[in-house]
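Chains A and B supply the protein sequences, listed in that same order.
Once you know that position 98 of the first sequence is 99 in our numbering, the rest is easy, because the numbers rise by one and skip nothing.
Once you know that position 189 of the second sequence is 190 in our numbering, the rest is easy, because the numbers rise by one and skip nothing.
In short, the hints are calculated from the structure, not lab data.
Where a beta carbon is used, it is the ideal one built from N, C-alpha and C, also for glycine.
Please note: incorrect hints may appear among the correct ones.
Stated by the list, open to error - Straight-line C-alpha distance at most 27 Å; calculated BS3-like pairs for lysine-lysine:
| no. | chain 1 | residue 1 | chain 2 | residue 2 |
| --- | --- | --- | --- | --- |
| 1 | B | K94 | A | K204 |
| 2 | A | K155 | A | K204 |
| 3 | B | K136 | A | K151 |
| 4 | A | K133 | B | K35 |
| 5 | A | K199 | B | K94 |
As the list claims (entries may be wrong) - To give an idea of the interface, some chain B residues facing chain A are shown, with a C-beta separation under 8 Å as derived from the structure:
| no. | residue |
| --- | --- |
| 6 | K35 |
| 7 | Y37 |
| 8 | E38 |
| 9 | S41 |
| 10 | T162 |
| 11 | S167 |
| 12 | G170 |
| 13 | L173 |
| 14 | V190 |
| 15 | V201 |
Protein chains: 2
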Amino acid sequence: MQRIIKLKEPIPASGKGKRASDVYRIAAEIMCQKGYEGTSMNDIAEAAGMTKAGIYHYIRGKEELLFKIMTYAMDNLDQRIIAPAQEVADPEKRLRAIVECHTRSLLEGVGAITIVLEEMPALAVAHRRVIKARKRAYFDFIRQTLQELKSEGKLRDINPTTATFSLLGMILWISRWYRRDGNLAAEEVLRDYVDIAKNVVLKTDKAASKR
Amino acid sequence: MQRIIKLKEPIPASGKGKRASDVYRIAAEIMCQKGYEGTSMNDIAEAAGMTKAGIYHYIRGKEELLFKIMTYAMDNLDQRIIAPAQEVADPEKRLRAIVECHTRSLLEGVGAITIVLEEMPALAVAHRRVIKARKRAYFDFIRQTLQELKSEGKLRDINPTTATFSLLGMILWISRWYRRDGNLAAEEVLRDYVDIAKNVVLKTDKAASKR
C-alpha cells in the first residue's frame, strides 16, 4: 500500500508546441500574480523574452490567449487523466488512477494554469461555453465512477455529487498551496492524497477487505 | 450520527454595521463576476443602490474596500468558527466544530466573500501582510488540532499539514460550486461534509468505536 509513486517531469512538449506551451505557462503565472485584468500583453511578451510582435504570432489578444491556455489545460486533462483512466474498467481502480494522475500533474507545477482555469468570467461567451462543457465532462466522468462504486455497494453513505466536489476541491486546491521548493516532498503529498481520496469515498469494510 | 444540523440565517448584523456588511457582500459578488481589476467603484455604487459619494462615505478606494471585505471575512471567521471551536477541549470534537461551522457559513452564502479572499495580489503590501497572518493563524489552528489527534493516536497515517490543506480545499471549494437554489439541500451537504472530514482525518477503528 505504501508503494512509491514516481513523478514524471512537467508536461512534455517539444518544437513549436513546446514554445506555445511555454508561453501559456508564463502567461498563466503572470495572470496569477497580477490578476487577468491587471496583466497586459506587454507583461507577457517581456516575461516570455519575446517582442510584442512575436507574441502576436501566437495569439491575437488577451482573451484569445486566456482561451488558449484553458484549452491547453483541458487537452492535458484529456490526454493525461481522462484517456488513461477510461481504460480502467474497475471503478475503484479508475478512481485511484484519476486522483493519482490529477494530483501528480498539479504537484509537477501546472498550478498557475489550473488557477487561470477559474477566470471564466473573462472569457467571451462562446469560449466560455466550450470550456464549461469540457469541465462538466470531467466532473461527470468522476461522478459516474462514484455511481458505479455505489452500484457495487462500495460507496460510503454520501451523495456522489457532493463527494465529487469534495475530491475536486481538495485536488484543485493544491495549485494554491503546494510549493515545489517547500518542505513537503511531492511523493509524500501524492501518497497522502491517494489515501485520503480512498477514505473520502470507499466504505471502510470493503476497503479493508481489499488489503 | 445522522442528526439534523440546523442552518442559521446568513451573517447577522444590524444598523450601520449591517449597511457596511451589505456593501461588502455586494462588492464581493461584483468582483467575483467581473474580476477585481474589472470592477469599478461605479459598478459597486450602482449595485448597492448608492451614489458614488455615498459609497465613499464607507471607503476611500477600491484597494481599501478589498481590504475591508477581507477583514470582515476574517472577523467572521474568528467570531463564528475559531472562538467557539477554541472552547472545545477534545480535538476530535473541536475538528468537527470547525468543519461544521465553516461549511455552514459557506452554504449560507458568504461564497463571494470567500472567493474574494483569494485576491491577495491586489492588496497593498501592508494589508497583504495582515490578511496573510490571519489566514495563517486559522491554518495553524486546524493543523494544531490534527497534531493533538496524532498525539492521541487517532490521526490516520497522513501528514497533518497535507491533511489540513485537504480539508481546507474541500471546504473552501464550496463557494465555487454550491448554489442555494440548486438540487442539493444545504443540510444534506453539511452532513456529508462533516462525515467526509471525519474519514479524511480519523483512524477507522477509533471512529467506529465512537458510534
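Would the stated hint for B:E38 survive a check requiring a Cβ distance to chain A of less than 8 Å?
Interface hint status for B:E38: holds (3 Å vs cutoff 8 Å).
For the pair supplied as a hint, B:K94 and A:K204, confirm whether the alpha-carbon distance does not exceed 27 Å.
holds, 22 Å
Restraint check, 8 Å cut-off on beta carbons, for B:V190 near chain A
holds, 5 Å
Per the CB criterion, is B:G170 less than 8 Å away from chain A?
Holds, because the Cβ-Cβ distance from B:G170 to chain A comes to roughly 3 Å (cut-off 8 Å).
Given the hinted pair A:K199 and B:K94, is their Cα-Cα distance within 27 Å?
At roughly 23 Å apart (the allowed maximum being 27 Å), B:K94 and A:K199 satisfy the hint.
Hint check: 8 Å Cβ-Cβ cutoff, B:K35 to chain A
holds, 6 Å
If you draw a straight line from the CA of A:K133 to the CA of B:K35, is it 27 Å or shorter?
holds, 17 Å
The hint names B:S167 as touching chain A; please verify it with the least Cβ-Cβ distance against 8 Å.
holds, 4 Å
Should the interface hint for B:S41 be scored as holding, given a Cβ-Cβ cut-off of 8 Å against chain A?
violated, 11 Å
Residue hint B:T162, partner chain A, criterion CB-CB below 8 Å:
Constraint on B:T162 satisfied, holds at 7 Å.
Quick check on B:V201 please, does its C-beta sit within 8 Å of some C-beta on chain A?
holds, 5 Å
So, as I understand it, the hint says B:Y37 touches chain A; can you test that by seeing if any CB pair is closer than 8 Å?
holds, 6 Å
Checked against the numbered hints given earlier, the structure breaks hints 3 and 9 and satisfies all the rest.
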